[in-house]
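> Sequence:
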Amino acid sequence: MDPSILPRQVAASFLILIFGCLLFFTQQKSTFRVGVIPLFLILLWFAYGFSYFQATNQIEATYIILKIGIFVFVGWVVYALTKHKIVTLERLSLMVTITGIITTLMAVGNMMLLHSKGVNVLEGDNMYKVNATFGHKNLLSSFLFLCLPMFGVQVAVTTNKAWRVSLYSFGIILIGILVLLQTRAVLLAISVCGLAVLFLLIFGLAKHLSSLQKRISVLIASGSILLLFSCLYIYRDKLSLLTRTESFIERKNLWNNTLQMISEHPIAGVGAANWQIQMPKYGMQKFYEVNYTISEGLTNFQRPHNDFLWVWAETGVIGFLMYSLIFMFSLVYAYQLFRKEESLSLKIGYVMLFVQVLGFMVISSVDFPWERIEHPVVLMMTIGFLAATHDTGQQWKGLKMYRWMWLIPVILSMYSIFVCAQRWKSELQLRKMYKAHAAGNWQRLVVEGTKAQTPYFNMDYYSIPLQWYVGVGYFMQDNLVEAKKRFEEAYQLHPYQVHVLNNYGACFEKEGNHTKAIELLEQSHRLSPTFSDGIINLSGAYFNAGRLDDAYNIITKFRYDEQNERFKMFALTIIKVKLEEIIKIEKTTPFATYLKQIVSDDKRILFEYQKSEEHQTNLLVWLQKQSIRHRIQ
Numbered sequence: 001m002d003p004s005i006l007p008r009q010v011a012a013s014f015l016i017l018i019f020g021c022l023l024f025f026t027q028q029k030s031t032f033r034v035g036v037i038p039l040f041l042i043l044l045w046f047a048y049g050f051s052y053f054q055a056t057n058q059i060e061a062t063y064i065i066l067k068i069g070i071f072v073f074v075g076w077v078v079y080a081l082t083k084h085k086i087v088t089l090e091r092l093s094l095m096v097t098i099t100g101i102i103t104t105l106m107a108v109g110n111m112m113l114l115h116s117k118g119v120n121v122l123e124g125d126n127m128y129k130v131n132a133t134f135g136h137k138n139l140l141s142s143f144l145f146l147c148l149p150m151f152g153v154q155v156a157v158t159t160n161k162a163w164r165v166s167l168y169s170f171g172i173i174l175i176g177i178l179v180l181l182q183t184r185a186v187l188l189a190i191s192v193c194g195l196a197v198l199f200l201l202i203f204g205l206a207k208h209l210s211s212l213q214k215r216i217s218v219l220i221a222s223g224s225i226l227l228l229f230s231c232l233y234i235y236r237d238k239l240s241l242l243t244r245t246e247s248f249i250e251r252k253n254l255w256n257n258t259l260q261m262i263s264e265h266p267i268a269g270v271g272a273a274n275w276q277i278q279m280p281k282y283g284m285q286k287f288y289e290v291n292y293t294i295s296e297g298l299t300n301f302q303r304p305h306n307d308f309l310w311v312w313a314e315t316g317v318i319g320f321l322m323y324s325l326i327f328m329f330s331l332v333y334a335y336q337l338f339r340k341e342e343s344l345s346l347k348i349g350y351v352m353l354f355v356q357v358l359g360f361m362v363i364s365s366v367d368f369p370w371e372r373i374e375h376p377v378v379l380m381m382t383i384g385f386l387a388a389t390h391d392t393g394q395q396w397k398g399l400k401m402y403r404w405m406w407l408i409p410v411i412l413s414m415y416s417i418f419v420c421a422q423r424w425k426s427e428l429q430l431r432k433m434y435k436a437h438a439a440g441n442w443q444r445l446v447v448e449g450t451k452a453q454t455p456y457f458n459m460d461y462y463s464i465p466l467q468w469y470v471g472v473g474y475f476m477q478d479n480l481v482e483a484k485k486r487f488e489e490a491y492q493l494h495p496y497q498v499h500v501l502n503n504y505g506a507c508f509e510k511e512g513n514h515t516k517a518i519e520l521l522e523q524s525h526r527l528s529p530t531f532s533d534g535i536i537n538l539s540g541a542y543f544n545a546g547r548l549d550d551a552y553n554i555i556t557k558f559r560y561d562e563q564n565e566r567f568k569m570f571a572l573t574i575i576k577v578k579l580e581e582i583i584k585i586e587k588t589t590p591f592a593t594y595l596k597q598i599v600s601d602d603k604r605i606l607f608e609y610q611k612s613e614e615h616q617t618n619l620l621v622w623l624q625k626q627s628i629r630h631r632i633q
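Quick note, the sequence shown lines up with residues 1 to 633 if you use this note's numbering.
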């Protein structure tokens with residue numbers, strides 16, 4: 001559970017509510033013209049809105065559509081305020097810079113607090129404890145990076161020496177924090193932006209340079225490229241190791257699953273907030289070697305660590321195009337404004353805005369800043385400003401924005417605040433539900449899980465429907481009727497969640513409906529062949545249905561676990577019956593004689609099972625080899 005998203009969405013909604021009302025009541029003309037980027041923003045929001053009809057879980061889709069609407073209207077509000085000359089580059093950068101300073105102080109305070117508790121953030125994974133209310137160090141790092149260009153703008157435009165010294169001081173501290181956090185996505189963004197700025201300055205200032213300066217600039221650019229490729233060659237082994245890290249392999253698997261999702265739903269997408277539901281459909285076994293908790297259904301992903309793929313998968317090709325075009329046009333506008341501007345301080349300012357947009361784009365390619373609140377809000381402020389500044393004085397007539405249309409963000413923000421309040425209540429209830437689940441208090445689990453479910457919240461932040469928890473509570477109290485009902489509702493919301501499929505199938509098995517149970521349990525097994533509970537239940541369903549060979553083949557795929565009593569019970573039952581069947585067929589053969597010696601010895605069977613697994617051999621093949629060794633001895 002991330003306690004920072006909802007409060008920040010409420011704060012952003014309040015700002016939209018206030019400024020939406022101000023624009024409605026103070027806009028003198030009945031119409032207001034906007035350019036291309038605001039139109040792209042609206043079309044992106046519409047793409048999210050239309051994806052509602054593709055969504056399996058429409059409650060989650062509604063929440064995301066509201067959140068994206070807030071982002072869109074942040075851009076619109078800043079666009080309008082810039083047109084009215086209320087927002088200027090200096091004021092915009094000042095707001096973000098102050099936010100960056102506050103965040104920097106929070107990060108420093110977080111480190112000092114950890115140090116006071118005896119935690120050395122430089123040791124092991126302790127740096128992950130530094131998040132300054134952002135939920136994760138990488139999110140903190142990426143937000144600080146987005147604030148950093150605005151420090152540069154303020155340094156360029158301010159005339160106050162004391163403030164400039166403060167900016168340098170906090171900027172150095174901020175950069176130091178980025179170095180300590182070592183977020184690879186941010187380091188990649190810094191590298192890309194550094195090269196981009198180099199070429200931007202060289203070609204953007206070419207007309208102001210002498211022939212000698214131009215030659216020197218070309219040499220610097222060529223040298224930089226040569227240095228980059230030299231580093232890539234020299235450190236190719238380390239780069240190769242980077243692509244073999246668990247984090248990279250995990251991301252690659254997520255991207256592969258997402259591309260399969262896109263290939264199936266390229267036009268309309270799977271629906272806002274529904275990537276997390278569809279992702280397991282494309283296989284979880286590939287994650288086993290890097291993180292077994294994923295294939296066990298204990299770890300679930302809410303996004304693919306690539307916002308471009310995420311937007312396409314959920315909203316279809318229109319959403320993807322709009323999302324991409326917003327970045328492309330913003331970069332072009334920043335470059336054009338940089339080229340056209342005569343003031344050196346403003347030139348630097350537009351370069352910094354270019355860096356911020358490009359940096360977000362790079363981070364968005366390998367992470368998920370679009371999922372947050374603060375990252376997109378800062379981005380949309382910059383994009384709104386760039387679009388308005390570029391459109392000022394243009395011949396392009398643009399889209400008409402009628403005064404009454406400002407009521408749309410006002411109503412949207414009010415509804416967003418209401419929905420966030422309802423979801424916050426459910427989040428508080430989730431804590432009680434999790435405690436009851438961990439304690440095995442099944443009656444309390446039913447009560448708290450039922451209270452957490454509302455028309456605005458029906459799935460937790462592990463992508464598990466709340467009805468599944470309620471179903472578990474009823475199931476453990478032997479109330480099969482209610483349990484089955486809850487699991488069915490959970491199945492409708494998330495048909496690819498292995499625990500939902502497993503428990504729903506177990507209900508049918510308890511009823512004696514082996515066919516339906518096997519259908520659901522086989523689906524779970526296809527999604528994650530090493531899912532332990534799924535293997536046990538499917539083997540039991542096969543056994544009860546008289547499919548002994550299938551039961552044996554499935555249960556012997558289970559990795560031996562001495563602590564899992566349920567596995568040992570199922571394995572012994574199925575293996576014994578299988579061995580007795582072989583004894584009846586083989587009768588007096590040496591192999592049958594050998595099996596008769598071990599068939600009633602539980603410890604011996606489990607010992608041989610473990611040994612066969614260690615030698616990566618089928619149990620029956622292993623037992624045949626052992627019988628031969630036994631005869632030779």
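These aren't lab readings, by the way, just hints derived from the structure by calculation.
Among the clues, some could well be false.
[Claimed, not checked] Okay, derived cross-link-like pairs now, SDA-like style, lysine to any residue, Cα gap no bigger than 20 Å in a straight line:
| hint | residue 1 | residue 2 |
| --- | --- | --- |
| 1 | K451 | M414 |
| 2 | K603 | E562 |
| 3 | K596 | H615 |
| 4 | K611 | E565 |
| 5 | K611 | T589 |
| 6 | K400 | T26 |
| 7 | K252 | K286 |
| 8 | K576 | L620 |
| 9 | K281 | K576 |
| 10 | K83 | I98 |
| 11 | K400 | Y52 |
| 12 | K587 | K568 |
| 13 | K557 | E489 |
| 14 | K286 | P266 |
| 15 | K611 | K584 |
| 16 | K432 | I417 |
| 17 | K425 | A436 |
| 18 | K432 | T450 |
| 19 | K568 | V599 |
[Stated by the list, open to error] Simulated restraints on C-beta separations:
| hint | residue 1 | residue 2 | range |
| --- | --- | --- | --- |
| 20 | R251 | R164 | 25 to 31 Å |
| 21 | K611 | T573 | 38 to 44 Å |
| 22 | N291 | P455 | 55 to 61 Å |
| 23 | Q563 | V179 | 27 to 33 Å |
| 24 | K451 | K85 | 39 to 45 Å |
C-beta: ideal position from N, C-alpha, C; glycine also.
> Next step is simple, just say for each hint if it's right about the structure.
Status of each hint after checking the structure:
no. : hint                    : verdict
1   : K451 - M414             : violated, 24 Å
2   : K603 - E562             : holds, 11 Å
3   : K596 - H615             : violated, 23 Å
4   : K611 - E565             : holds, 18 Å
5   : K611 - T589             : violated, 23 Å
6   : K400 - T26              : holds, 17 Å
7   : K252 - K286             : holds, 10 Å
8   : K576 - L620             : holds, 12 Å
9   : K281 - K576             : violated, 35 Å
10  : K83 - I98               : violated, 23 Å
11  : K400 - Y52              : violated, 27 Å
12  : K587 - K568             : violated, 27 Å
13  : K557 - E489             : violated, 31 Å
14  : K286 - P266             : violated, 23 Å
15  : K611 - K584             : violated, 25 Å
16  : K432 - I417             : violated, 24 Å
17  : K425 - A436             : holds, 17 Å
18  : K432 - T450             : holds, 11 Å
19  : K568 - V599             : holds, 14 Å
20  : R251 - R164: 25 to 31 Å : violated, 40 Å
21  : K611 - T573: 38 to 44 Å : violated, 20 Å
22  : N291 - P455: 55 to 61 Å : violated, 34 Å
23  : Q563 - V179: 27 to 33 Å : violated, 43 Å
24  : K451 - K85: 39 to 45 Å  : violated, 51 Å
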